[in-house]
Amino acid sequence: MMADMLLEVRGVTKRFGGFTALENVDFVVRPGERVGLIGPNGSGKSTLVNCIAGTLRNEEGSIRFEGEEICGHAAHRRIRMGLARSFQIPKPFASMTVLDNLCVPLLYAARRHERLAPGRIVEEALRILGQVGLAGRARAMSGGLTQVDMRKLELARAMAAKPKLLISDEAMAGLSASEVDDVLALLSGLKEQGVAVIMIEHVMRAVMKFSERIAVLVAGRKIADGDPQSVVGNAEVVRAYLGE
Amino acid sequence: MSNKIFAAVTIAVALVLAAVTQLIPNEYFFSAAYTVLLFVILATAWNILGGYTGYVNFGSAAFFAIGAYTTVFLYNAFKAPLAVGIVAGTLVAGLAGLGLGYLTLRLRGVFFAIASLALAVVLYIFVVNWDYVGGARGAYVIQPREIPFGLPRYIHLIYAVQLVMAAFALVVARAIEKSTLGRGLAAIRDDELAAECSGVPTLKLKIFSTMASCALMGMAGTTFPYYLSYIEPSSAFSLSYAVNSIAMPLIGGMMSWMGPLIGAVLLGSVQQLVQVTVSSAWNLLIVGVLLVLFVTLAPNGIMGWVDAWRRRKGR
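Protein chains in written order, with my numbering: chain A, 1 to 244; chain B, 1 to 315.
Think of the hints as simulated: they come from the structure by calculation, not from any bench.
Which chain B residues face chain A? A few, computed with CB under 8 Å, are given here:
#	residue
1	Arg183
2	Gly184
3	Ala186
4	Ala194
5	Glu196
6	Cys197
7	Val200
8	Pro201
9	Thr202
In silico lysine-lysine, DSS-like type, Cα no more than 25 Å apart, as pairs:
#	chain 1	residue 1	chain 2	residue 2
10	A	Lys209	A	Lys191
11	B	Lys178	B	Lys4
12	A	Lys91	B	Lys204
13	B	Lys204	B	Lys178
14	A	Lys91	B	Lys178
We put the beta carbon where it would ideally sit given N, CA and C, even for glycine.
Can you build the whole structure from these sequences, using the hints too?
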């Protein structure tokens, strides 16, 4: 049972002082699965992502990746195991070119398990930039990109780590309808490569179209988890979003 | 250019330069050049942590002094020759850097800077009260009577040694900059969290970078007791080392190994010139004025300015 799961979050609790951001959350992802994670602002979605990715430490509960307990692992070890995330607020390496931004995860994370020859790093970076539509900006300084391009770069950098699970934290906020479709196609394409994706998103159209399963967080608790149609029909979810 | 070729060329240039300049009849040249070279090493070393990694070290003087006082200690204990002092001083300063890194690198930005400054103060007080190395009185280190290579005075030798050590520091800095390690350090400088989430082992890299930086600073100090034959804490821990080792990379440019070299040669030479023509008290004032000028006019230093010009031309 356990080995079937790519990611297995059990009973995770995270407190900030007296405030409980996550309370006893269970959450699983199977290999290659596309999961939507939704919830109102402040419901704990990003906190959960941070606990999974290792940028925050959960006080209680266990997080397993491919059956291995990763709670004690630093973030860089988790990404080397194949657990990549993009940031909600883009964090480009501003003094580097767009191409060099991708070389960092290629050199430090992907090379470990992909056995990339050093000479192929740039080639691979350019291929990924082509996928996200940034090939033309490869030599531009990443600090000077537009917000939209920075979001694409954020996603490309996560992809460059060659993950088995990619967590996309609001990659589509502020994108136009056609750009949302581009990113959706991109993320869906990852499934063919066997990459599982957790998509955190407010753009409901995208979440519904993309997800095979949706989990809903409200005030730090998971209130629903299932196929998209049944989740949006769930009375508790409707109440959380629209009120009584 | 590969690291090996660069190393061979740089060390060869340093050796040739050291040999050819021995013909200069003016004794003062060696003393002034020694000081400039000392700053080349300090600035290059500081830049490994400050420029490449983005952690501002205000405690440069402490590591410089660790190198200098290791020489004094070994001289007092075993009459150890200069070469032994150089190796030992570099290692001890590197170890101190490892300690500083391990204890403080979880601190970010200004907090790290304050911690490094605090370390300098603690070490200063320690040395002032350590009688074996002279305490507050200072200590004498007698220059050996026999000078190798038939050089006329000891300062000629110290100068040549410092020149080769400066070349070594540049080789190390460039090798770090061009390596995978250098890319990881740059990622840390730009955004530490994003670096960690891109697989960069940030703590390990920061500790390595602190160690390398501090070891080279210590190396710069190992020849210092022989330079004046006398050393006391307030000159070894002088504020001017801390200030200059920050100002020189800032003025030269912090992104590449060339920046600190240019900054140190420029600022160091101007200071030496002013010292003999105007007054020695004007030194730090000049550093201050130049710093203000560069921060406003060329915030990325001379190299940054050159890079921007190149990019404009390339378009």
